[in-house]
Amino acid sequence: MSAVHSGAEFALPMALAGGLALALGGAPLGVLLIARRMSLVGDALSHGILPGAALAYLIAGPDPVAMTIGALIAGFVVAGLSSLLARTKRLPEDAAFAVFYLSALALGVLILGRNANAEVVFDLLFGAAKGLDTTALLVSAGAATATLFALALFIRGFLAESADPVFMRASGLPGGLLHLLLMLLVALNLVAGFRAFGALMTVGLMMIPAAAARFWARSYIGQAGTAVLISALSSGAGLFLAHRFGAEPGATMTLTAASLFALSALVGSNNGLLQNLPGRTHLEG
Amino acid sequence: MSLVRLHDLTLGYERRPAVHHLDGAFDEARVTAVVGPNGSGKSTLLKGLAGALAPLSGRVDRSGLKPNQIAYLPQDHGVDRDFPMTIGELVALGLWGRRGLFGAVTHQDRHRIEEAMSAVGLSGFEDRALGSVSGGQLQRALFARVLVQDARLILLDEPFTALDARTTDDLIALVKRWPSEGRTVVMVLHDLDMVRDTCADTLLLAREKVAWAPTEQALAPEHLLTARRLSEAWSDGAGICHRDHAA
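Listed in order, the protein sequences are those of chains A and B. Per the numbering used here, the first sequence runs over residues 1 to 285. Per the numbering used here, the second sequence runs over residues 1 to 247.
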């Protein structure tokens, strides 16, 4: 597979722009997901988009537009059904997601099984930077724009519903709709990144910088801003490394983010490990 | 005059009643205590009054009150202490009913938040993170949010549990003021001395109504004894309640 995934095959400026778009849209969503204790939902959704992309591949061949649309539809279906089932209170949300994403994954494997080689599945989950063309870049930019617009418009609702869902339900907030919108935005951002960086690696760029940001800021805005910065840094450095050493960019970007997470956990100004070493002087009040 | 009327109200979960065929009314601008043993349906009743739980049968007549005119502080308040939010922002959620998703927060709104924080003794705590305050301070903040809501009906479920004496006294002083402002308060309490001191009326509940009257009458020894004898009636083999058809 190394011949197919040669990192030298992608255009660095275009990949950098794609990575930046992903950072702008994905990282603030990651902060919200972590705050809502839904860190693994992105992971589940990233598997959930597989049957849509696979079906599109079956119908239209390796056509980027068709696969993006297919993935988007599958992501929306999995996100919508899981949220709806969770809202009925018959099942915890993570269980609902497990049911749907595993079913979707199996469906994807079944569809691809007889019609494609393992390479296609590998590309879907882990990415192929050669897939990053103008269309993919436009999708990424569009997803980032839509996400930032939706966040600006609904952030009050997202935050209120996350912090105190009981109160907000009693106050008449359409919590179910906001929750669904959040899930759709997550799906949109995963689809925006999956062709170039892989569905799973895109989740990494969404969640790991968001987790790191908790070691630097307390408020949502502070955490979201920091997460975007860390995500953009990870994209930039990861892409540069991939380009330089011929590695797969999704992996180098995610590992760069992981390194920045480790650094943040160690020296972060908000409850970093070094701040709480035993024997450190305590504060006055 | 009554603000909320219950008509043969049955509330419960999975078709099993926690409050059974309850009739009565909560008078306007009064503080009513809901008292009863554990499992007697007190919290369920408050949920039903708040509109957070649909009746299994019967109905709640709220005199046309809109959701934003009802403030409900449940026993498990549901606030995520780890959420990246400040105490000031939590209190500001009380504006939701008036400002909604998109409405701008006015200068007057900010003033109202400041006043509420000051009334519960939390001035200067606006920028503190939710996770950095004590349980008592959080409860004060939740009361401040109720103040900001400016609601006509206030529902409090065991609001003073695990609070120290000073915090309890401060918050009870607030509750006592509300009837004079025209607000109706329904409050689940366990401390009968506090009920006698604070609440004009009392509903003694043991899934069914044992007594609903001015506090001294409702808390008569024979009523308390009856309430104690009525135990939880959750049975896996329970049949269908036929009272609806008999009525």
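Be aware that one or more of the hints could be misleading.
[Stated by the list, open to error] Quick list of simulated restraints, FRET-style, between CB atoms:
#1 A/ALA146 to B/GLY135: 38 to 46 Å
#2 A/ARG244 to B/SER134: 17 to 25 Å
#3 A/ARG87 to B/GLY135: 12 to 20 Å
#4 B/ARG228 to A/ILE155: 45 to 53 Å
#5 A/GLY172 to B/ASP193: 51 to 59 Å
#6 A/ARG87 to B/GLY64: 22 to 30 Å
#7 A/LEU138 to B/GLY39: 55 to 63 Å
#8 B/GLN108 to A/GLY222: 47 to 55 Å
#9 A/VAL267 to B/GLY78: 31 to 39 Å
Hints in this document: simulated from the structure, not taken from any laboratory. Even for Gly, the Cβ is constructed at its ideal location relative to N, Cα and C.
Status of the hints after comparison with the structure:
1. A/ALA146 to B/GLY135: 38 to 46 Å: 41 Å, holds
2. A/ARG244 to B/SER134: 17 to 25 Å: About 53 Å separates the Cβ atoms of A/ARG244 and B/SER134, which means 17 to 25 Å is violated.
3. A/ARG87 to B/GLY135: 12 to 20 Å: Taking Cβ atoms as reference, A/ARG87 and B/GLY135 lie about 30 Å apart, which means the hint is violated.
4. B/ARG228 to A/ILE155: 45 to 53 Å: 50 Å, holds
5. A/GLY172 to B/ASP193: 51 to 59 Å: Between A/GLY172 and B/ASP193, where Cβ atoms are some 37 Å apart, the hint is violated.
6. A/ARG87 to B/GLY64: 22 to 30 Å: Since A/ARG87 and B/GLY64 have Cβ atoms about 28 Å apart, the given range 22 to 30 Å holds.
7. A/LEU138 to B/GLY39: 55 to 63 Å: 60 Å, holds
8. B/GLN108 to A/GLY222: 47 to 55 Å: Check failed, 28 Å falls outside 47 to 55 Å.
9. A/VAL267 to B/GLY78: 31 to 39 Å: This hint holds: roughly 34 Å between Cβ atoms.
Hint compliance for this structure: hints 2, 3, 5, 8 are not met, and every other hint is.
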